[in-house]
Every structure is written in structure tokens, then in C-alpha cells.
Amino acid sequence: MKFYIQNIILGLPIGVIWALLATSVVMIYRASRVLNLAVGGISMISAYMLFQMANDERWGIPLPIAVVLTILFAAAIGWIIERILLRPLRDRPTLVSVIMTIGILSLTTEVASMVWTVDRQPAPNLLPTGAIRFWGIALGVDQILTFFITMAIVGVVIYLFRATTLGVAMRAVSDDRRAALLMGVPVDRVSSLTWIIGSVLGAIAGILVAPQVGLTPLGMVFQSIPALAAALFGGLVSIELAFGGAMVLGVLWSVLPGVELGAWRLHDHVIGVQQIAIFALVVVFLVVRWQQLFGSAAKEEEI
Amino acid sequence: MAIAVRAPAEKRSLLVRVPRLRTVGLLFLVIWPWVLPAQPWSSMAVAAAIQSLALVSLVVLTGWVGQISLAQAAIMGVGAFSAAQITMHLGIDFPFHVPIAGLASAGTAVLIGLPALRIKGLYLAIATLAFQWMLEESLLQMHWFSGGFNGVTIPTPKIATYSLSNERLFYYFAWGIAALLMLLVANMRDSKTGRAWFAIRGSEIAARSMGINVTRYKLLAFAVSGFVIGVAGSLKLNTVGSATPLQYLFPFSITFLALAVLGGIGSLAGAVAIASIFIFLQDYGFPQIVPSLAQKGALPILAAALLIVQLITNPGGLAATKEKMKEDIAKRHLRKKMRQARKNPGPAASQAAALHESATTITLADPEAAARLAERVAARGERAHRLDSPALLRAEDVTIRFGGVVANDKVSLEVRRGEITGLIGPNGAGKTTHFNTLNGLLVPDEGRIHFAGKDITDMPTHERAAMGMSRTFQIMRLFPRLTVFENIMVGTHLQNTAGVTSNVFMLPRSRNEDARLSERCREILALLGIDHLADERVAGMPFGILRLVELARALVASPQLLLLDEPASGLDVSETDAFSEHLMRIRDEMGPTILLIEHDMRLVMNVSDYVYVLEFGKNLAEGVPSEIQQNPDVIAAYLGGEGVTVG
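For the protein sequence lines, the chains are A and G, in the order given.
Yeah, the first sequence ends on 1572 if you go by my numbering, and it's all consecutive.
Yeah, the second sequence ends on 729 if you go by my numbering, and it's all consecutive.
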């Protein structure tokens, strides 16, 4: 029993990072109808930027300033992607913009591999390390802080969406871009701003998770796959559902390998059980919930 | 980037038209490896064949069927390791393990294809991404299968006693296999199978309505794509003699997709060209020119950057560039001709002028249509009752709910054989919803539907089509990148008795069926008076013509029942008259029963034998046109008042 409780708790800081990435995906999808597969790339390259600025002696930038610069860097990337790469594709089929984000993902991954190699780099730890013992369960202080920081950020984003003019504008744009335009919503600005915020969220997730999973190009990009799955659970439009989905996946990730049925340990017998579980959930969710989620066959066609 | 559903004869490539050139070309391909040193040239050519096949798998899946896959690298890996395992454990080596590897990958691809039956577009991208992730993790950990990080090694392939470590020999095998596979997939593209694929890419709903079994053809596409890339995997294993999971990681999946898009996804020649260029740069060009960058992997960066630039500037890829060059040449040619014609007027000039005219004034409007229509209406006469023939289609108390909204509330109607039945009602009355139910796109919450004496309530759309139910759509679902003729050929799916095997090998059965059905398409086009437009692209044609093209596509299936959803919306008065006249003529000459939704009262009242009226999802009235025109409820429904005549 204790094993499960411990692993459920350990799963929360994992899930919350994915929730942050998923929030970024959902926000961007809602405001610009683009599925941003490059979110992992943005988060990865930001983590590398921080590493470069903070760890390279020639640069010698104090950590807090480096963090601020990294955030600005991510914001700039978001702006550039939206303004220069995606806006010209707005009237083309959705698949084209997806392929564009795949191109961006590829570009960021390959550039990172070239500049920083595929070997693991020591990512700077922003948060105090050390462990707290609580009811016999050891928890890292950084994990606890990660959890609360991220919860707060997601809370702010949900508030932004629900209660501010910007949020209303974003929802209007996502419901009907043309109508929003006619009603005087500055559609382009909303779209730019969403990409900027979305990229910053990705960067925060990246710099928080890098010390925990290790800074490698692919390792960081793979963090975005469960996040995309979680975004899917929210139908790509609901931040709340995506958040819940990410937490569930995080807990599963942490619990599954250790599951024992008598003497039979899941991890020893099912290879890649965590990935299989996520893939299976994605498929089952999409296949079973499709009708309820997306309504009639005619509606299905538009997607 | 038209992927031609090949029109006969004239579209053949230069190589086929000039047999001598073909011979010379083949000879060159056979001889050159002996002229240039085997290293690096023959090895590069082998690598190019493998890369080409990898891209061809995406050309089929994404280019032709519109299904995205980010798991191609892992699927390729499955092929490579399967080949290695059966070589080591069963002693089946090259070339016999190649098709087995293909089948292993095909099976894996079908596994990801199963969710794709319900998922598509964006969602499929995420699902395949998760699949790649899962598969590559599994491959890394399944030591018994992949050898883990170290991978597996197989002995040098041999044919009889000849070792194939010789790159020159292997070159022939690799390209022979690649060419064969490309020929076979091209055969599929140019036949019934390919037309079904294009239909699915264009609109799954339209495809189902034409009787295409979307499930079957999608899975077939995944299997074909998997087979091709599995073969590529096994060839790669044989050239290197070993395989490790590190060769099949996620970035390779992305690079495949990027390259396939750069080649102009959908074009086999484009795939071969871009694959060859990529391999040349990777193995020779880059290391020679910028050795320091090449080691660090600058080429994938270049590919990604090019992809991004291309998406913005030239979405069609290499293939589109070639098309455009061809068009430019044709334009220059035409301009030259026009200049000549201006200099010395004569028959050539008037010919050019006529050409120009026919290209600019395509319209359905016809000054005599109104008179002909009046004749037909008069010949039919005023009817006091509907036809006394058996019911072909009967809907009984059909109820459809969307969440809390009741779109159809116990709607009943009966369409009798040989009749033209109208279904009218104000906007939002539930007409199109009812159509979608009759057609099988929606399943009713309550009520039954009978067609040709059978209860079809739970029958899938494509089976209803096979029973003789064709339809058109309110928002037309034509395939803009195909010509008029090609669009209509897609509609012959059910008439075509050739099977997939016959398509793959272009057996006489397949070719004869295509010939027979293209004859039929031309007849239908002639009947509707648009045969002169057969080889024009559909994109950019006027609405009136498009409506006829969609009607023709429904007609070539020789339907018993034709469902037309607002066929005259977007047409002007004169075009509507012409269309009405076509409808009556079609019914009289070809005999399908017709059920149409229409807002244009003139059309409905002119052509219908019987009319049903819906309002707020319920039956409001029914009767012959003259009754409907007098019905006070109908008038109130349309105008919210009384004392005005409908019609």
C-alpha cells in the first residue's frame, strides 16, 4: 500500500510538468488552430539556452538573470514561429501547419544535437535539492516546489482564459476566427500573444524538468509526447481536462513499473510498459470517445 | 501536384513514347556502376534505393491517402530486425527474407492503422508519434529481437555462391526491388484502388457515399506503406550487415516526412529524386565540401530548414516545380502561336481564338433550356395523385438527437419507384440531417429505414451505396486536384469488378474494366453536355458545371435512387432551368428514382411528382406540387404569414 501511495505522490511532479506542456498545446490550438508538435523542441532548446548561459564560464551570467533571458528567448521564438512561419499558412489545410511544426521540431532537435551533442549535459538546478521525509516517504524539495510552482502557473493561465479580456478574445478566435475578426477582435495580435505565452510555458516546463530527466535533445522532446496525449484527452480545447489527463499519466508513469501481481512484476515482463500504457490510452480514448467528443460523422469531416 | 488517375495514351512519359531512349536509359543504368569506382558510387546508389523506398512508403500513405505517420522509422526497424532474426534462427537469408520483413512491417503498420480508422489528421499525428515512441523504447529493450544498443549482425548476403558484399552486384538487387515495388504501387495508383485512395484523401464521407469501403482501403494503404518500408529496412540490414535500434529513432521518422514533403509528397519521381540528392549530399557532397559540419550532422538541419522554407514558398515540392516548368513552357509555346496567328491570320488564328473562347465561357446557362423545360413539364402534365408504384425507400418515424436538440422528430417519408420526390422546408428544418440518415452517415436514435425491400437502418453507408443509393452534397465534395473525368471515374468504384490483386499487377481484368468504365463516364458526360470539359481540372470551374460534375459522378454508379442535396444552390435562374431539364431527362432516359432537397421552389415545383415538407424537424405536409403550393401551413412556415402562394 505504502508503495502505491509513495509512487502516486512521486508521479504528481512528473504529471504537472506534462500538464504545463499540455496547457501550452491547448492554448495554442485554441487560439490559432495549430497543433504544436514542436512544443517539446521549444522547451528543449530553452533548457539548453539556460544551461549555456549559466554553466559556460565565458558567458558567466548569474542564474536569475539567465532565467529571465531564457524566458525572453522563448517568447521571441514563439513570436517568430507564429509571425513568420505559421501566419502565411493560415488558409491552408491543417495538415500543412502540422507538418510545419514537425519541421520546427526537427530543426530544434538537430540544432541542439549539433551544438550541444546528444550526450547528457548537466542542467542547472534552479530549485534547492535535498529531501523531506514525510510519513516515511522521501520527497525531493525540488519536486515539491516544481509541483506548486506549476500548479500556480496553470492556475494563472486558467484564470487568464476564463476571466480576462484576452481570454475571451482567445476563445472567440478559437470558436470562429472570421466572426471574431468582424467583431473587432485583433485576431493577429491574439494569435501572436498566445504563441508567446505558450512558448514561455514550454520553456518553464523545460528548465524545471531538465535537471530531473537529464538534458539530452531527445529526452526532452519525449517529455512532450505524454503532454500531447494529455492535450488530446482534453479534446485539444479543454485546459482543465488536459491538466487532469496529464496528472493521471504522471501517476501511471510512476506506479506502473512497480506493479506486482504476486511474484509477477509488470516491469520485468512487459517491455516499455509506460509507453505502451500511454499509447494504449491514446488509442482507446480516441476510438471510444470519438463519437461523444466530436459528434456526428459530418462534423468529423471538418477535422 | 496532380496525381493522375491516368487518362489513356496521351499522358505517357517520354521514356515510353521513345522506345529507343528507354533502351539507352536502361543500358546506362546497367553499365555505369562498372565505369565509376564502386566506392563510393555504387554504395551510394544502394543507399539511395533504400531511402527512396522509405519515402515511397510516405508517398502512398500521406500523399495518396492523406494519412500522416510519424512512426515510419520504427516500422522500418521492425522489418530490419525481423529479417535479421529469420536469417539467424531459420536460415532464410537474402533475398527470401526481404518479403517476410515487408510483411512484418506491414503487420506493424496495420496495427497503427487500426486506430486510424477512427482517428485522423491532427489526432493521428499524435497517435503515431506515441507509437514511434513506444516502439523504439520496446526495440531498445527487446534484446532477444533487436540485440539492444549493440544491435544484431548477420553474415554477408549470398546468392548461390556469389557474395553480395560486392556493392556493384547489390546495386542491381536493391534497385531491381525498388523499381518493382514502385511499379506495383504505381499500378495501384492508376487503378480502382488508387481512385478509392484519392477519394478517401479528398473526403471520407464522399468516398463512403460512393460505395468505397473506407476501412478496407485505409488498412490496405497502411499495409502497402508498411510493406514498402519494411523491405527498405531489410535491404539496409543487408548493405550494412547489421542493424541497431539507434538507426530507427524518432528523428529519422521526422526526416523521412520532411524529405517526402520536399519531394512533393504524392510523386514517386519526386521521392526518388529527393532521396538520391539527400544520399549524395550525406555520403559525398557534404563530407567533401564542409567536412567539419558534415560530421556534426548539418544535413538534417538543412533538410528541416528547407522544409520550413518550402512550406511557405512552394508547397508542392520538387514535383510542383517540375509541373510549373512544364506549364511555363506550354504558356510560352501558346504565346508564340498567338503571335504567329496575329501575323498571318487564317484557320490557325480562328482556331486559337475558339480555344480561348471555350476556355473562358464555360457555363451551364442555355437560352433554350427554359423552353425545353416547359415542354417536358407540359408533357408530364398536371398530376392530381402521386405515381402508383411500389415504394423504393421508406423512412418510418426517424428520430435523431444531437445532445439536447431533436433534429428529426419522427420524420416519415416514402419515395416511390420512378418518382422525383421533393423534400423542402425552411432552413434548419432537418432536411440534410434526414438525408444523412437515409444515406447511413448518421444512425437514427429511433425509427427504421427500408430500401428496396430491405431494412437498412444499421447498414453502413458504403453498403447502401452498393445497393444502388447515390448522393450529391449541399457543399460539394469534388476532388479539386483531379480532372472532371477523373472525378467521375471515382464514382465507378462499385461498377468495377477488378480486385486489388488485379490492380497491383495491372492484369487484363483491371485494364479492361477501366476501359469499359471510362467509356461509360464519357457517355454520361455527353448526356449532360459537358464532355468537352472532361480533361480540365475541377478547381476553379464555375458552380453550375461543378453541380453537373457531381451529378455525373453519382450517375455513373447506375443508382436506383439518387439523393440530391440542394443541387441548384448557387445557380442562377437560367442555370437552374437547365439543371431541372437535365434532371427530368435523366429520370426519363436512365430511370433512377430521385429524392431532392431544394430551396428553389421553381425547380421543386417543376420537376417533382410529390413533395414532403419538414419544419422544426417534423413532418409538416405532403402532397403533389399543386397541393403544397396551396397549403396554408406551408405558406405560413415559409413566410410566417398567410395569403401568399409558394412557387
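By construction, these hints were calculated from the structure, which means they are not laboratory data.
Virtual Cβ for every residue (Gly too), placed ideally from N, Cα, C.
It cannot be assumed that every hint is accurate.
As the list claims (entries may be wrong) - Derived contacts from chain A toward chain G, CB cut-off under 8 Å, selection only:
no.	residue
1	Ile1373
2	Ser1375
3	Leu1451
Okay, the hints, checked on the actual structure:
1. Given the 8 Å rule on beta carbons, the hint for Ile1373/A holds: about 7 Å separates it from the nearest Cβ of chain G.
2. The interface hint given for Ser1375/A holds, since its Cβ lies 4 Å from the closest Cβ of chain G, which is under the 8 Å cut-off.
3. Interface restraint check for Leu1451/A: the shortest CB-CB distance to chain G comes to about 21 Å, outside 8 Å, so the restraint is violated.
In terms of the numbered hints stated before, the structure departs from hint 3 and from no other.
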